[in-house]
Each structure stands twice: as C-alpha cells, then as structure tokens.
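Trainee: What follows is the residue order along each chain.
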Amino acid sequence: MKKLLQKLLVLDRRWIFLVIGLVVIIALVAPCTTSIGITTPVQSFYDIIDNAEKDKPVLVSFDLGPSTLPELEPMLRAVVRHAFLNDVQIIATAMLIQAPGIAERILVEVTEELNEEFEDQGIDRRIEMGKDWVFLGFRAGVAAVMLGIGEEIRNVYPTDYYGTYLDDVPMMQNIHNYYDMSAVVTVSGTQIPESWVMYAGGPSGVPVLVGVTAVMAPNFYAYLQTGQMAGMLGGLKGASEYERLMDYDGMATKGMIAQLWVHVTIVIFILLGNVAYFVTRSGKKKRLSVQR
Amino acid sequence: MRRQIPLVIVFVVGLFGALSYFIMEPVIQDLREQMLTWLRIIAAFALGLGIASFLRNHGRRMTRQVPGWGFNVVAILSFLSMTFIGLVWGIEEGTLFRELFDNAQVPMEATMFSLLAFFIASASFRAFRARSKEATLLLAAAVIVMLGRVLDFDWLSGITEWILEVPNGAAQRGIIIGVGLGMIATALRIILGIERSYLGGE
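Protein chains in written order, with the numbering used here: chain A, 1 to 292; chain B, 1 to 202.
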C-alpha cells in the first residue's frame, strides 16, 4: 500500500491528462444531467435584461477572442436570445480586433434560430437587423471609444459594420449615448470590464453587466459589492445559471456536466496526493526517530 | 528644445484631460470631445506600430535562422495571406477570410486555452499539499470553491460565495486601490515631467 502511495507521489502527469480527457469525453457523451443553483450576481444580471425598457437598447460589447470562446460563447448566446425574446434591442460593439467575426456569427445565428422557432410555432414575429439589432464593429482605443460613446455614439461609429449610416438605422433614431441605453453588457476574458465601469458606468450611471471567464471572475467581486457592476456571469457556471433562469437548454447546461466531473476528479487527485504525502512523510519520520 | 516641446504638450494635454471631467462649460466639453477623436486616431496608429513590430521581430529571426525559425516563417506567411485574402475578397460572413478564421484560428486558439484544464489538474495534484497552515488554508479554500461552483448544495454554495465575496473581495479591493493610487502617482509624474522614460533615452 505504501509503495503504491509512493508511486502516486511521482505519478507521470500524462496519466492525469489521460484521466481528465476520459472524464470530459464520458461526461459529454453520457446522458447525465446536473442541477444548478442560482447565485445573486446572475439573478441581478438576468433581472436587468428582463426588465429593460423596450425603447432603450442594451449595448452588448463582444470583448473576447477565439481562445475564450468555448467558455464565453454560451453566455453571449443566452444574453442575446434573452434580449430578443423580451423585445429588447441590441447595439453590438467589439473592443478587440478578433471579436467582430465572432460577434457577427453569434448575432446572425441567434437571429436565424429564433426566426425558425417563431415560424415553427406559428408566431408572426421576425428578428431583423436594423430593427432589433445593430452591429457597429471594432474601433481602436478602448478608453477613447467608451468615452466617445458617452458623448455621442455617432462620433465613434458614424456607420454600422456594413457601412449604413446610424441615422439610417431605424432602431438608432433616438439613441445618442449611455443615457439612452438600459444597460451595458461586456463579455470578456480580459480586464476590459474594468474600463467599462470607469468610462461608462461611472460617468453615466448606466448599469454595467459583465460576463467573464471563471479564472477572471474573482477579480471583479469587489466591483459587485460596490454596485459598480450590477451583475456578473462567471464562466460556464454563470452561463448555465442564466440558461436555467431562461428555462433554455443551451451550450452551457451541456458543458456543466463535463465541468462538474472534471472538478470532482481534480479534488479526488488533490486528496489522493495529500494522503500519499502524509503517509510517506509519517514513514520517513518514524525511520528518522528509530535511527536516532 | 526636442525634449521641452513634448513635455509642454504632455503637461497641457494631461492637465486639460483631468480638469475637463470637472468643468462642464460647453467650450471645454467640445474640446474634450475633439481630443477623444484624436485619441482614437492615435490608437489606430498603435495598431500599425504593432504590425511593424511583429514583422520586424519575426523577419529578423527568420533571416538569422535562429533555432525554430520555421515558426517565424509560418507566422509571417499566415499574417500576409490573411491580409491578402481579407483585402481581396472581404471579411464578411461567408467569405474565405471568415472560413479560415472560424475553422482554423478559432479551434487553434480554443485548443490552446482548453489545455489549461489539463495543466491545472496536474499542477493542483502536485502543488496543493497541506505542508503548512497557510498551504492548508489555501487547499481548503480551493477544494470548497471548486466543488461549490459545480455541486448544488445550498450550504456549500453559501460558503463558496462567502469566500469569493469576503476574503477574496477584500484582497481584490486592496489590490485595486493600490493599482489606482499607483496610476494617479504615475500620471502626475508624467504630467509634471518627472517621469520622462516615454521620451526614450535615459
């Protein structure tokens, strides 16, 4: 037994990689489900989108790159879907140069998905670009862009991503700055949400809602406590809570099963490592005292 | 003179930038709006600077044939080909540029990030050992947060939220205040001309 534990202490990390890989695959393939509790930051996020005024759009900033997409895409899809289902218009922007491609794809796919669902259910409603959402694309200079939107959005984005003047976009007729918006949503794996707090939320008082990767989430709890961030989705867990609030089985709900089993496996590894460490250490101590 | 003119510009612009937050006179606000436009133009130039730096660094490694220079060739070729494809056929949905972005860059970057799960598992197995009181505290907090984020038990979620909100929140607040004070100090040093490293030289 002791030999086995000693071997465990010097276990080749490739065995750990193999176990984690297998756990992820099995969890994704097996027909398992998991229940998820709702935390306060997610509930606040959901409530603000749910109660947003119909004539005051939500600015959704796609501040992410491809590397964090698997973790952040589910929350973007859930938020965009939720807004559209509540007749809340979306102004989409991107603060990172890699983001426009991602943003456009998500907006177009969610629009198509919902329009198909409306058609299947016989509902006479269609989501339309220009009426329900507008995509403004990327502009360089994060702080300058955020401050500029606070003055007049047309100064920063005279046209949308496709070259249409904002004055010709129906949903933008009475929209000029943050005071005309219900909330600012930023989804990012970077520190950009802090800039939204400083340059948008602070000066105008517009609620700032953030969606971030799980590793970034602890950095923002101080802002949640002060109310500078009105809600937060942290990693896949935050996205799955949001999906549960929407009663929608999306990508996050499916991914949470894999995350649950991987976390449990890592904890088992940690516990085994500690058991092995203490058993072998007590053996060494005994040997030393006998020698003395 | 070559140093004094930039110092004067920085002093005037820096002071104006700070004061314009507090003076709501239309003239000041109009000028502030104008300055934000200049700032965005300067930021756009930074992109060009980044591209020049990228090409120079990779090009130098490629011409000197330092070990692994093949990767530098791949980096430059990828950059040039994506630029060419984007300029010629556009970057909208359905174009070759977008196909390459969605089917090559996205999976590659996502794969790199996903590898974190494997390395975190291996690192936690080796590093989280209860060797001291502090290490035991860290280990216990990590195990509680890891399980509390995925298991639906009210008591466990409660402890997890408390750890994130109270001890973590307090530590983060300290860091944020420290960073903020540091930013103010650095800004003042630059505005007053004490910090001059941005001018180059000593």
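Be aware that one or more of the hints could be misleading.
Covered stretches of chain B (chain A as the covering partner; in silico rule of three or more C-beta atoms under 8 angstroms from a C-beta of chain A) [what the hints assert, rightly or not]:
(1) 49 to 57
(2) 67 to 81
(3) 182 to 188
In silico negatives: residues of chain B with every beta carbon more than 10 angstroms from chain A [claimed, not checked]:
(4) Leu7
(5) Ala43
(6) Ile91
(7) Leu151
(8) Ser197
Don't read these hints as lab results, they were simulated from the structure. From the three backbone atoms N, C-alpha and C, an ideal C-beta is built for every residue, glycine too.
Trainee: If you test the structure against every hint from before, which numbers come out violated?
Mentor: Result: hints 1, 2, 3, 5, 6, 7 break, sorted rising.
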